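Novice: The chain contents come next:
Protein chains: 4
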Amino acid sequence: MRFFSDNAAPVHPAVLAALGNANTLDTAYDGDALSKSLDARFSELFETEVTALWVPSGTAANCLALAALCPPYGGVVCHRDAHIQNDECGAPEFYTHGAKLMLAEGEGAKLTPATITTLLDSIANDVHRVQPHALSITNATEYGRVYAPAEVAAIGELAKTRGLGLHMDGARFANAVAHLGCSPADVTWRAGVDALSFGFIKNGGMSAEALIFFKRDLAAATLMRRKRAGLLLSKGRYLAAQLLAMLDGDLWLETARAANTGAALLAGAAGERLLHPVEANEVFLRATADEAARLRAKGFDFYDWADGEIRLVTSWDQQPEHILPLADAIATL
Amino acid sequence: MRFFSDNAAPVHPAVLAALGNANTLDTAYDGDALSKSLDARFSELFETEVTALWVPSGTAANCLALAALCPPYGGVVCHRDAHIQNDECGAPEFYTHGAKLMLAEGEGAKLTPATITTLLDSIANDVHRVQPHALSITNATEYGRVYAPAEVAAIGELAKTRGLGLHMDGARFANAVAHLGCSPADVTWRAGVDALSFGFIKNGGMSAEALIFFKRDLAAATLMRRKRAGLLLSKGRYLAAQLLAMLDGDLWLETARAANTGAALLAGAAGERLLHPVEANEVFLRATADEAARLRAKGFDFYDWADGEIRLVTSWDQQPEHILPLADAIATL
Amino acid sequence: MRFFSDNAAPVHPAVLAALGNANTLDTAYDGDALSKSLDARFSELFETEVTALWVPSGTAANCLALAALCPPYGGVVCHRDAHIQNDECGAPEFYTHGAKLMLAEGEGAKLTPATITTLLDSIANDVHRVQPHALSITNATEYGRVYAPAEVAAIGELAKTRGLGLHMDGARFANAVAHLGCSPADVTWRAGVDALSFGFIKNGGMSAEALIFFKRDLAAATLMRRKRAGLLLSKGRYLAAQLLAMLDGDLWLETARAANTGAALLAGAAGERLLHPVEANEVFLRATADEAARLRAKGFDFYDWADGEIRLVTSWDQQPEHILPLADAIATL
Amino acid sequence: MRFFSDNAAPVHPAVLAALGNANTLDTAYDGDALSKSLDARFSELFETEVTALWVPSGTAANCLALAALCPPYGGVVCHRDAHIQNDECGAPEFYTHGAKLMLAEGEGAKLTPATITTLLDSIANDVHRVQPHALSITNATEYGRVYAPAEVAAIGELAKTRGLGLHMDGARFANAVAHLGCSPADVTWRAGVDALSFGFIKNGGMSAEALIFFKRDLAAATLMRRKRAGLLLSKGRYLAAQLLAMLDGDLWLETARAANTGAALLAGAAGERLLHPVEANEVFLRATADEAARLRAKGFDFYDWADGEIRLVTSWDQQPEHILPLADAIATL
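Chains as they are written, first to last, in our numbering: chain U, 1 to 333; chain V, 1 to 333; chain L, 1 to 333; chain F, 1 to 333.
Since the hints were made in silico from the structure, they are not lab data. From a predicted model like this one, the values you see are computed outputs, not experimental measurements. Treat the hints with care, as some may be off.
Put simply, identical chains are the same to the list, so a pair is met inside one copy or across any two.
Stated by the list, open to error - With a straight-line Cα cutoff of 25 Å, these simulated SDA-like cross-link-like pairs (lysine to any residue) come out:
| id | residue 1 | residue 2 |
| --- | --- | --- |
| 1 | Lys36 | Asp304 |
| 2 | Lys160 | Ala220 |
| 3 | Lys298 | Asn21 |
| 4 | Lys36 | Ala220 |
| 5 | Lys215 | Thr161 |
| 6 | Lys298 | Leu25 |
| 7 | Lys160 | Ala219 |
| 8 | Lys298 | Glu309 |
| 9 | Lys215 | Gly163 |
| 10 | Lys215 | His133 |
| 11 | Lys160 | Leu218 |
| 12 | Lys36 | Asp126 |
| 13 | Lys160 | Ala114 |
| 14 | Lys36 | Phe300 |
| 15 | Lys160 | Ala221 |
| 16 | Lys36 | Leu16 |
| 17 | Lys160 | Asp217 |
| 18 | Lys215 | Gln85 |
| 19 | Lys298 | Ala33 |
| 20 | Lys36 | Arg296 |
| 21 | Lys298 | Ala329 |
| 22 | Lys298 | Leu120 |
| 23 | Lys36 | Arg2 |
| 24 | Lys215 | Ala154 |
Okay, chain U solo, but in the shape it has when bound:
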């Protein structure tokens, strides 16, 4: 059973079905009816007017957002363990034309106003130092931790005070919202977020993420950048269809809850082994190499995070009956 990454999970049947339903003639690129409906559909979800663009990857969503928020000669503050820093092969630098990621600290890969302020205050305000232009936070974080609305709002307030744009990497935004039980608006624009990478692929989608601009005037340049990056797929209706299928009937929340539930089951079995509180669908455990080997011998696959640490990721399609054998195996290590 695979707990390696939610990227490995299959696509939700509703998403596949939507592709079939979209399989008629329509205009190319994003001129089709499905693509054109995205703004309205996401505006409804977020209870405010937004501009919503499909893109084929989370890296693309993140980096288009950063390019919209930060000039080439600027900097983006993020956590030292952020995906944009460690796992995108320099995509932020490519899309922003060389902006600098400025690394701040924080427990569980969460930034706080205090850790951000410490970093900002260390940067001399002159032409010799790259000056910060934006903040990027990840919700849920790389350690499966979730920012609550008030936490985001505190960062949003700081961003506003310092004149910085605020981006949220929401590759697992659905898991965060499912955990919080709040409106998606509460943890985004109401808390000061300007742009959101809203992930669907890990959560049952196939090849479409949504890039949401709450600060809508950022979108015009981004439409040019999306094309210029080879990201304006010529049959865009098949991406829009995926997103719409995930929104229909709040499927995105349903699948995220399923994945979170699985992680909670594992967390319950892990006891003292837990390295981080489990708030989304990732579980980090202390486990010796020998223990890890024993789990693998039982057919469970997962990621060796660091020395003596393993990462388990649950997916939307894993039912309790898929999870419990691993929970048992952990409990009896």
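For this one, chain U is given, so just place chains V, L and F on it according to the hints.
Specialist: Coordinates of chains V, L and F only, in the frame set by chain U:
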């Protein structure tokens, strides 16, 4: 009936079916079994060892290839009417970090050794002028013209003599090969092509093109660039599945032949109106604004190319019965 | 005697002397008293508040200006024969991160509202085409032609109407102003120019040009870009000193008049050979290879412009007695 | 008396005189006799064939070198306190088109094979992580510490083993060599350095640094990049003249020794206050805000490095009589 663009056509049922068949658990990115099989499958097709990467758009394929062939301070020779020059919003400049497109002439958007040489010889060889590093030709061209193997080979020979890389934009490569009836190898690596953007989307695919490196040492850096551009989709198996479905049983040739056949029917009806010989699936006609309006009034949609000129593009899914009404309408204008 | 380029001329003694006078202790970069005086000094000259930055080359001035006026995904309209297109090795693409130069026509390398409009109107306003963001004109042009204030104003009006920034490459701005006899203001900001590359090096300077922002809010980002490009020299006072020495007593006009006078002498001798009206310090002549060889045999050095065409450039330090022998030689060819 | 930065010091009279001597007619850019003599002159100094380019700033030298050693998708390992990381406003990212600086540790801003290895071994070798392509070390470092030949050689060996290029930022290379008393060759190419930014400006020059390629095949692309960056000054002979004047009679060593001597005098007076061993011309001291104020009240200017720390930099033109009053003031704090 839509003759606006082959991008507007639906996806072939075999491609949709392949997505369903791929819908099981596998490794993320391009580590899955389907993605791993691409090199072998395309090597078989091209009768030589190639490296084959899926990418989600033709612009991405083109520009990754150009970045592999040309440094930021170099130039790429292409036709004045090339897609990379006119229709990709500066994507070549983005991916190459500012290389310059150098525009050459040629009938039907085809370059020739003579027109290339004229351009090359006009460039002083000093540090003040951008120096050419690569050639890019399009087969079939923006005007639906096809380079025969000998024509490509003559350009390939020139490229070799001048120390230039050679890229082929094959957004409609299938249509070109279907027209030529040759081996795909004859019009690519055997003729000196280093990298090919092998288009499938216009020809029945959904969201996957293949970037083929005949000069395989170009691929390693490209793997990094693909990731860095946000093009390494996390569920890559669904892109690989599309390409494999198109290769199975030479479906790609079958669909291309269908589109070409439709264009030939239109060409036959067009007589003196034809602006370019019809060799692929595009038909350019002289038509006054009034004539265009009359065609549209009959329900035919198409692109106004230039003053007094219209472009008709046929698609893989259009049978003769879909084409003949337009052919009739043209004949009786 | 050298008529190859005004770049080959020596430095004016007043500039050298100014370096010696600046040779005391002061703050590094541009914090010194001389650098700090530039804004005021150039504001006086231009009769309006400007921001003035020293840079060590005309290419640097041009490309910092273009980067301030055009985003990476945009385009800059310039003449087909512009220095930024042909002689800067892609520096505009480097500084703008891949913006596209869009080439317009015009006699004597001069753009006109008509030629600009023809180009602009050919660009479809969609995300597939690079959209223009700025115009760049050269005064005096590559053919030694001068835009009069009314000509610039007509272009400035067009730029405003179309929402485009306007840059003037003034590598030989001094020669243009000397020819026009107008206020520098008349041919720049009063005519709609946003940024000017004000050349001094060809005109008696050593290694300092001035980048003048009439639209002053463009300067802040440019200060970052200047540093980021390695152009913020650490002993900037020696660059400021050069500029100030050239401004003192209108030395820049005196040297430009001297060069223009030399060119006029040559033009007078050239008669029917003249390819362009001589308005600055460049003279383009019809001359066969044999005639060119005969001039060279007499000790005159110059540039072979094109087949059967030569370019003669006069310099600030050439007195009539240096020019007349060449004038005689031309007259007696 | 100014101990703020050696960038504030005046230019050596021999350099000024050389400008006057160069003030004759010659070819533009780097085609003049002086520029052409640089390769030979620096080859002699380094006892091997090198390619030597003048550039107008240390940032330019550093970043051209890094662009030659690292592709846009790669990384450059440097010290956390390196000038390229902290003081060049993202110039490395600009010149390399977005390569990532990878920060390693080390006492006195010196990298060691151990600290480099720790960093390298933490980087997973896959397409998700930026892969290192080069190392950059600074000699003397930001804390005035000097790498001895054996220390560089150990790093050079590691670089070779790992397939990394090796750059040395030698903004104060002269001070390092003066301290070491070795041949410049010993601490550069004999120890594995591929490219050196050889600083002259802080050491008595005006506006010329030398970029030295020991791995000469890196130079060809760099000539294009230098032009493309606006760094190919049109009257290059005045930069070459400065470098040649500094090399004549080993003036560069003489001036560096003078600056080092001054720093040694201060170090001798500082006793327990010293934060770093003084090996070049920088002295870092513990000093309370009150103590710093008292020194300033006596007319000494310097940089507040960090809380409770000050930085004093001595310059080539400061004689012991200029230094001793500060030494006394420190001793009697």
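Novice: A separate judgement is required for each hint: does it hold in the structure or not?
Specialist: Comparing the hints with the structure gives:
Taking CA atoms no more than 25 Å apart as the test, Lys36 paired with Asp304 passes between copies only; the shortest distance there is 23 Å, against 42 Å inside one copy. Proximity of Lys160 and Ala220 under a CA criterion of 25 Å is satisfied in both settings, with 22 Å inside one chain copy and 20 Å between copies. Taking the shortest Cα distances, Lys298 and Asn21 never come within 25 Å of each other, neither inside one copy (41 Å) nor across copies (27 Å). In this assembly of identical chains, Lys36 and Ala220 lie within 25 Å of each other by CA distance solely inside one copy; the values are 15 Å within and 38 Å between copies.
Taking the closest pair of Cα atoms, Lys215 and Thr161 come within 25 Å of each other only inside a single copy of the chain (17 Å); across copies the shortest separation is 27 Å, beyond that limit. In this homomeric assembly, Lys298 and Leu25 come within 25 Å of each other (Cα to Cα) only across copies, at 18 Å, whereas the closest approach inside a single copy is 49 Å. For the homomeric pair Lys160 and Ala219, the shortest alpha-carbon distances inside one copy (20 Å) and between copies (24 Å) are both at most 25 Å. In this homomeric assembly, Lys298 and Glu309 come within 25 Å of each other (Cα to Cα) only inside a single copy, at 18 Å, whereas the closest approach across copies is 58 Å.
Taking the closest pair of Cα atoms, Lys215 and Gly163 come within 25 Å of each other both inside a single copy (14 Å) and across two copies (23 Å). In this assembly of identical chains, Lys215 and His133 lie within 25 Å of each other by CA distance both inside one copy and across copies; the values are 15 Å within and 23 Å between. For a Cα distance limit of 25 Å, the shortest separation of Lys160 from Leu218 qualifies both inside one copy, at 16 Å, and across copies, at 23 Å. With identical chains, the CA atoms of Lys36 and Asp126 are at most 25 Å apart between copies only, with a shortest distance of 16 Å across copies and 44 Å within one.
Only within a single protomer do Lys160 and Ala114 lie at most 25 Å apart by alpha-carbon distance; the minimum there is 15 Å, versus 42 Å between protomers. Taking the closest pair of Cα atoms, Lys36 and Phe300 come within 25 Å of each other only across two copies (23 Å); inside a single copy the shortest separation is 43 Å, beyond that limit. Taking the closest pair of Cα atoms, Lys160 and Ala221 come within 25 Å of each other both inside a single copy (22 Å) and across two copies (20 Å). In this homomeric assembly, Lys36 and Leu16 come within 25 Å of each other (Cα to Cα) both inside a single copy, at 20 Å, and across copies, at 23 Å.
For a Cα distance limit of 25 Å, the shortest separation of Lys160 from Asp217 qualifies both inside one copy, at 17 Å, and across copies, at 21 Å. For the identical chains of this complex, Lys215 and Gln85 are intra-copy neighbours only, at 24 Å inside a copy versus 32 Å across copies, given an alpha-carbon limit of 25 Å. In this homomeric assembly, Lys298 and Ala33 come within 25 Å of each other (Cα to Cα) only across copies, at 23 Å, whereas the closest approach inside a single copy is 49 Å. Within a single copy, Lys36 and Arg296 get their C-alpha atoms only as close as 46 Å, which misses the 25 Å cut-off; across copies the closest is 24 Å, which meets it.
In this assembly of identical chains, Lys298 and Ala329 lie within 25 Å of each other by CA distance solely inside one copy; the values are 8 Å within and 69 Å between copies. Taking the shortest alpha-carbon separations for Lys298 and Leu120, neither the intra-copy value of 48 Å nor the inter-copy value of 34 Å comes in at or below 25 Å. Taking the shortest alpha-carbon separations for Lys36 and Arg2, only the inter-copy value of 19 Å comes in at or below 25 Å, while the best intra-copy value is 37 Å. In this assembly of identical chains, Lys215 and Ala154 lie within 25 Å of each other by CA distance solely inside one copy; the values are 18 Å within and 37 Å between copies.
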